[in-house]
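**Q** Next come the chains, spelled out residue by residue.
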Amino acid sequence: MKITRKEFLKISGACLVAFTGKKALAVLDNPAKSQTSSASGSKASKQLGMVVDTRKCIKDQGCTKCIDACVQAHNIPSFKDPHHQIKWIWKKPFDDLFSSYETEYLETSLKDEQTPVLCNHCDKPPCVRVCPTGATWKRKEDGIVMMDWHRCIGCRFCMAACPYGARSFNWVDPRPDIKTLNPNFPTRTKGVVEKCTFCSERLVKGEMPACVEACPEKALVFGDVNDPKSEIRQLLAKSYTLRRRPELGTGPNIYYLV
Amino acid sequence: MFMFEKAMTGGRRYWTWVGALLVVIAVAFGFYLYQLSYGLGLTGMSRNVSWGLYIGQFTFMVGVAASAVMVVLPYYLHNHKEFARMTILGEFLAVASVTMCMMFIMIDMGKPMRVLNVMLYPQFHSVMFWDMVSLSGYLILNATITYFTLHAEQEDVHYPHWVKYIILLSIPWAISIHTVTGFLYSGLPGRLGWRTAIMAPRFLASAFAAGPALLILLCLLLRRQTGYDVGKKAINGLAVIVTYAMVINTFFILMEFFTAMYSHVPDLTADFQDLYLGAVHTSLLPWGRTSIVLMAAALVLLLVPRWRRNEKTLVVACVLVFSSLWIDKGVCMVVGGFIPSPLGTITRYVPTLPELIITLGVWAVGALMVTVFYKIALSVEIAKEASYVPAYEFARTGGAIGLQMHSSSAAVPPDSGSGHTNKDAFGKSEQE
Amino acid sequence: MRDRVWIIAGLFLFLGLVTYPVWHNLVAHTSPKPPQLVLPANEKQCVAPVNYMRSSHMKLLLQWRQEVVREDKSKYVAFNGKVYNMSLSGTCLKCHNQQEFCVRCHTYAGVRTPYCWNCHLDPAQVKRSAR
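Chains as they are written, first to last, in this note's numbering: chain A, 35 to 292; chain B, 2 to 433; chain C, 294 to 424.
In case anyone wonders, no lab produced these hints; they're calculated from the structure.
You may find that some hints are simply not true.
Claimed, not checked - When the alpha-carbon atoms are kept at most 27 Å apart in a straight line, the in silico DSS-like pairs for lysine-lysine are as follows:
(1) A/239 <-> C/368
(2) A/239 <-> C/387
(3) A/99 <-> C/420
(4) C/420 <-> A/239
(5) C/326 <-> A/239
(6) A/239 <-> C/352
(7) C/375 <-> A/239
(8) C/352 <-> A/213
As the list claims (entries may be wrong) - FRET-style restraints, in silico, Cβ to Cβ:
(9) B/35 <-> A/213: 21 to 29 Å
(10) C/316 <-> A/213: 41 to 49 Å
(11) A/274 <-> C/384: 44 to 52 Å
(12) C/384 <-> A/93: 39 to 47 Å
(13) B/173 <-> C/316: 54 to 62 Å
(14) C/313 <-> B/35: 56 to 64 Å
(15) B/342 <-> A/280: 17 to 25 Å
What the hints assert, rightly or not - Computed footprint of chain B on chain A, listed as stretches where at least three residues anywhere in the stretch have a Cβ under 8 Å from a Cβ of chain B:
(16) 178–192
(17) 198–207
(18) 274–284
Built from N, CA and C at the ideal position, the CB exists for glycine as well.
Take the sequences, apply the hints, and build the full model.
**A** Below is the structure:
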């Protein structure tokens, strides 16, 4: 059989399309696959996560100990202008976190309860997907979504991408508005995005995140959700928990015990 | 620089206009320096509305840039001769608007001095990276095309053979810049006002209405100011394109409206609630409503053939189209996507005065570029018509001679008086 | 020839601008002597030999930054086997004073002070301002 040049080109072109198409499909399909595997609990590497026990947390509505500890540890400024606010962990009414779970008749005791909000350190973080410089990335060793403030160009694509509102931008120089400076942690400079890093600087020293340590009610349980023996995993196994907007496929790792 | 000397001669009106633009640019640059030292807190943007006027303007200008394809495609692919005198204007408009896009991105950046990080640490999974690739590629393509076609025109020769491939490439590339810009928004999981498959098509439809509308206005302005006439047929042809694009754009908006309002999913209706219905109190409502009213008025003027062909009403229609889509895309689309925030907060966004002045400055840079480019293009075209130099003989030689022309440069004198030559991208030529 | 005045004036202006640093230093009584840097009292050896630190401290700092921020490392094994905590504020500034050491030398060398200090704090300064 003789193949003309035209035919040869046609066939090889088709092969190329088929090959790359298959690859592309595999790539596109991947998130869905790992999603199902995460649901069945067969993830290999470590994934740090947190359970917020709202039953304990709501006891003292005025308590801001976790927030204060974070602010102190990370040189977070307190701007008067709400537009410029920087927040790593903060409190919002339960209803705002779980608006899709709302029922009109929910006991007010839970509906309006101030509940801690922080970065979800997602399995498939959209902020990492959109970052054009790799200034934010998902750490392989422990699943923390990290920030490199040296590399961030301040385009704020990550802020648009985050479905949880976990990211803050330094609209102005934060230093003058930091109440007490912690020399062991850098401040940030104007023009970069920041967020909770699960206190990676404390974890490396073998300490717990500042908020977890500061909570008087021990309402924040921190650990590796992939380790079946961890405290957090035990807690997740025996109690019903909620995650914020899991339907988006981001795989949030902050669990709310209600 | 390329034929720049042609932009250095002009009457008093020309210099007054250029001078005024330079003043605006200087003032805006001063404000930009202040923004650079103070931070983006100078603008009205906030933690919850983290993109504002700058990114809105960027998105709108990508559309204007892409719309050059609406004159390039009919002229080069369909041999639509009426557009001959308009094509170079469209391409120059694209160069100016892509430059404006890049400036809007730069002024929106928190750390503009680190912009090279995008190339030093390229992230292929980031749409922003691909947007940078497509935008800078489009700029290079159009700069190349305008340079070689205009240069050839001046020398009264055919442009080099290979330029036609660049022109062909620029057509899908124009579609790509706005598609990728649409992906910036439609690929984000949590913003339901943006996460719609129709985002990129809608962007293209509105772009192909707003861009040609602007081009019509520019052409009519040029005729009044300089006497350069692109021709009635060209204007009418472009007006038909504006009409189709505007109808399709309105159709797309209605599709979105139906899907959201009939399904009644709160996340989908949110956008329409604050833009048009006023169910929640934001600063966007008057803008959204104005845009819709202008859109409807423009459609009426465009759809009635008598009014579309009448230049006076066409001008009004084009102004309406342009301003309605400028509001829709440059103000409402971006800001609307941030309201409400992921935690249900309604944050008002009002651009500050410095923000407006800086934005105006970028527009002034665009206007200055268009002025200078059009001045160059027109002086080439008008000189050619006035002197009517006998054209080079192309007819049977096609592209090959184009290459030869390029290498042998302009010194070669035209050899025969075969009359005015009309060329298209494929090296074919027709004698009149 | 009518332009002679302008050309000569321009030349003088050019010469004046080119030699500006010389005039400036003469007027300001700037000394070419390098600053006498105060060396740490409690340590004899830096994390790398002096010559390397003098020429390439920025490379070392960038390496530390890369490893701490992006590779989750915290310890640095020095050329002499000693192990250090990779930290600008915690290790470098424990011995060196930011103003007296970093800034002074950078000013002398005419190298713009890098933006390290936009974020990183000098513990000594923080302590002083707190008091």
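**Q** Evaluate each hint against the coordinates.
**A** Verification of the hints:
| no. | hint | verdict |
| --- | --- | --- |
| 1 | A/239 <-> C/368 | holds (11 Å) |
| 2 | A/239 <-> C/387 | holds (19 Å) |
| 3 | A/99 <-> C/420 | holds (24 Å) |
| 4 | C/420 <-> A/239 | holds (23 Å) |
| 5 | C/326 <-> A/239 | violated (44 Å) |
| 6 | A/239 <-> C/352 | holds (25 Å) |
| 7 | C/375 <-> A/239 | holds (19 Å) |
| 8 | C/352 <-> A/213 | violated (33 Å) |
| 9 | B/35 <-> A/213: 21 to 29 Å | holds (27 Å) |
| 10 | C/316 <-> A/213: 41 to 49 Å | holds (47 Å) |
| 11 | A/274 <-> C/384: 44 to 52 Å | holds (47 Å) |
| 12 | C/384 <-> A/93: 39 to 47 Å | holds (42 Å) |
| 13 | B/173 <-> C/316: 54 to 62 Å | holds (60 Å) |
| 14 | C/313 <-> B/35: 56 to 64 Å | violated (28 Å) |
| 15 | B/342 <-> A/280: 17 to 25 Å | holds (19 Å) |
| 16 | 178–192 | holds (count 7) |
| 17 | 198–207 | holds (count 8) |
| 18 | 274–284 | holds (count 4) |
Of the numbered hints stated above, those contradicted by the structure are hints 5, 8, 14, listed in ascending order.
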